[in-house]
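Undergrad: Guided by the hints, dock chain B onto chain A, whose structure is given.
Residue numbers (the working numbering), protein chains in the order written: chain A, 1 to 196; chain B, 1001 to 1504.
Read the hints as simulated data drawn from the structure, not as lab findings. Possibly wrong hints are sitting among the right ones.
Result set (DMTMM-like, lysine to aspartate or glutamate): computed pairs, CA atoms no more than 20 Å apart in a straight line [to be verified]:
(1) A:Lys164 with B:Glu1487
(2) B:Lys1451 with B:Asp1464
(3) A:Lys161 with B:Glu1494
(4) A:Lys171 with B:Glu1485
(5) B:Lys1492 with A:Glu167
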Amino acid sequence: MRIKKTVLKRIVISDGIVSGYSFRGKIKGSLNGDLRVVQLKDMENDYSDIGNDCTYIDGSDIKEKYYLEVGDILFISKGANNFATVYDLKDGVATVASSVFYVIKVDTAQANPYYVAWYINKKRVQQYFTTHASGTYSLSINKEVVEDIPLMLPPLDIQRKIAKVAELAQKEQYIYTALKEKRNQLIETQLLKVIN
Amino acid sequence: MNIKERPSQDQINKMLWNACDTFRGAFDSSEYKNYILVFMFVKYLSDVWKDHYNEYKEQYGDDEELIKRKLNRERFVLPDNCTYDYIYDHRNDADIGEKIDKILSQIEEKNIEKLDGVFRNISFNSEKLGQTKDRNRRLLNLINDFSKPELDFRPSLWDGKQDVLGEAYMYLLEKFASGAGKKGGEFFTPKEVSQLLAKLVAPKAGDRIFDPTAGSASLLVQVAEEVKDKDGNPSRDFAIYGQESNGDTWALSKMNCFIHGMDAARIEWCDTLNNPQLLEGNGLMKFDVVVANPPFSLDKWGHENAEADRHRRYLRGIPPKSKGDYAFILHMIETTLPNGRVGVIVPHGVLFRGGSEGKIRQALIEENLLEAVVGLPPNLFFGTGIPAAILIFNKAKTNTDTLFIDASKEFDDGKKQNRLRKKDIKKIVDAYQGFAEIPKYSHLAPLDEIKENDFNLNIPRYVDTFEEEEPVDMEATKQEIVQLEKELVEVKAEMEGYLRELGL
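One chain only, chain A, in its complex shape (with noise of 0.2 Å):
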């Protein structure tokens, strides 16, 4: 199997990673908002899920360039936990991503954005950040660093198989804890029930 070794800049569509909308002052929710917005709070589950307690805004004012595609990688870049997650929401709703993020759009025929997410999670990767962080009162990751990722590509269908494990693998430890708070739960009752 032949195993490239590259970095990120090398496996994005031309402008393919660019910083997520700057906004300016405080984001404020608008009661008939119809722009989501993915911000830093909502990132759940150790950084891998966008909640679904996303701000919506008013977005008359934001062009369309800015909005996510399902598969976009978006990638922490301020802070100290520089995690990547694919944007899966497959809802059809208008969504742009904060400026807390890097938007990264692969080149499909090279790379799938699953696999170069899990990757980019990985240590190796992530001890690649902690020497190349900038800033002293927050950390971040400037753009140079974010683009010369290092990255090892197994061939299309292997990336996608390792991609299809490491989702498989988070699912099961979903089960595991959803098991044990519903076991808890069951037994709790039954106990209560015999005092009461």
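TA: Quick look at chain B alone, frame taken from chain A:
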């Protein structure tokens, strides 16, 4: 000038707070607060004086002698060349610090009855304010700041809305208290808590009101303002008394009362427990209403003198050496008239600690003095996050029940500190006045119940605030578990498949 054109309370507060910039950085807020507050006080005296002078001038024309005679009968007297205008005219003098000091001592001398000692601890000519050049620059800044038209305190401009100034003074005190860290609680009780306590003790017209740990008199003033006559209208018919051990803080309390127009307040400077100054005949002076926010669990409060106390305050027991809470409570009980009420803010330990404190507590309960216990939300006070409680003692209790109120869950979640909202205060006061059981909020405990609890007053023993959990549908939960287990098998199988394909 119309009142509507006057700056708002917020604007004045802001101007005053900005005036502090002159001192910021140069030295600590615990030091410069006295300078700002004294300066504000002098400006207030001067403006009130000027107002009266103008009034008389209009009435009597140019007869300076007559005007002077009339002015000498005012509530205070400003000697010649002691006005703010005089300070302003000499603001560029090289010896301005000395001049201000002279003015302060003259004001004190002329009003020895009311203002004796108020400026004792302050010198505007002190090296604390920097070396001469620095000092003069700072004083010039200060003088200029206070001559801005927004800070013109002449009562005629305010249509008699004098409380604006009192509010501003309290605002500064509160700001300083919240910035002072641990020390803040020493001289200021948060406004909302003072209001609550004032409403709980509900002072009536003609009452004598006393605070044995007066601080800056913020609580005392608040309680005095709550005085109502028989028809429930605000009344100025009251007498206030206090004692404060810290000299600087004592001076603040005198000025605070003066600015609130409570000139007759008698506030003594000395340690309340070891050297009570408010005496009558051979014993302690007695009052209708006694309130306090004493220091929480004060160490070294004077345990060594307690046994031989000549006022016999500790007959129910001597509080432990390192915790003065009950010493203050006993002092308050002993200074209350037979039909009087006591309202005191205490840490929760007072409700349940054993030893001599337990004995004192039992005695107080058995004498049927304790009327109510109110648990407050956490983090209301300056310098400490611990939750506190209010105890209400009533010497003329007509029943043997004690009301417990758990108000610890209703408050405004502040950034630095929590606050009681108007509705929270109202709910507590209504519950107390109704003196009845409210589910999950208050409980009326007969003496026997407290006895059963070994005279432990811990609020959860009396007020049940436990929320029932949502009932769980067991059948549905069982179904869900089955479903989850099925999914788990599927996921594992799928994963196996991929892993095999990857050759693992």
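Undergrad: Compare the structure with the hints numbered earlier in the document and write down the numbers of the violated ones, lowest to highest.
TA: none
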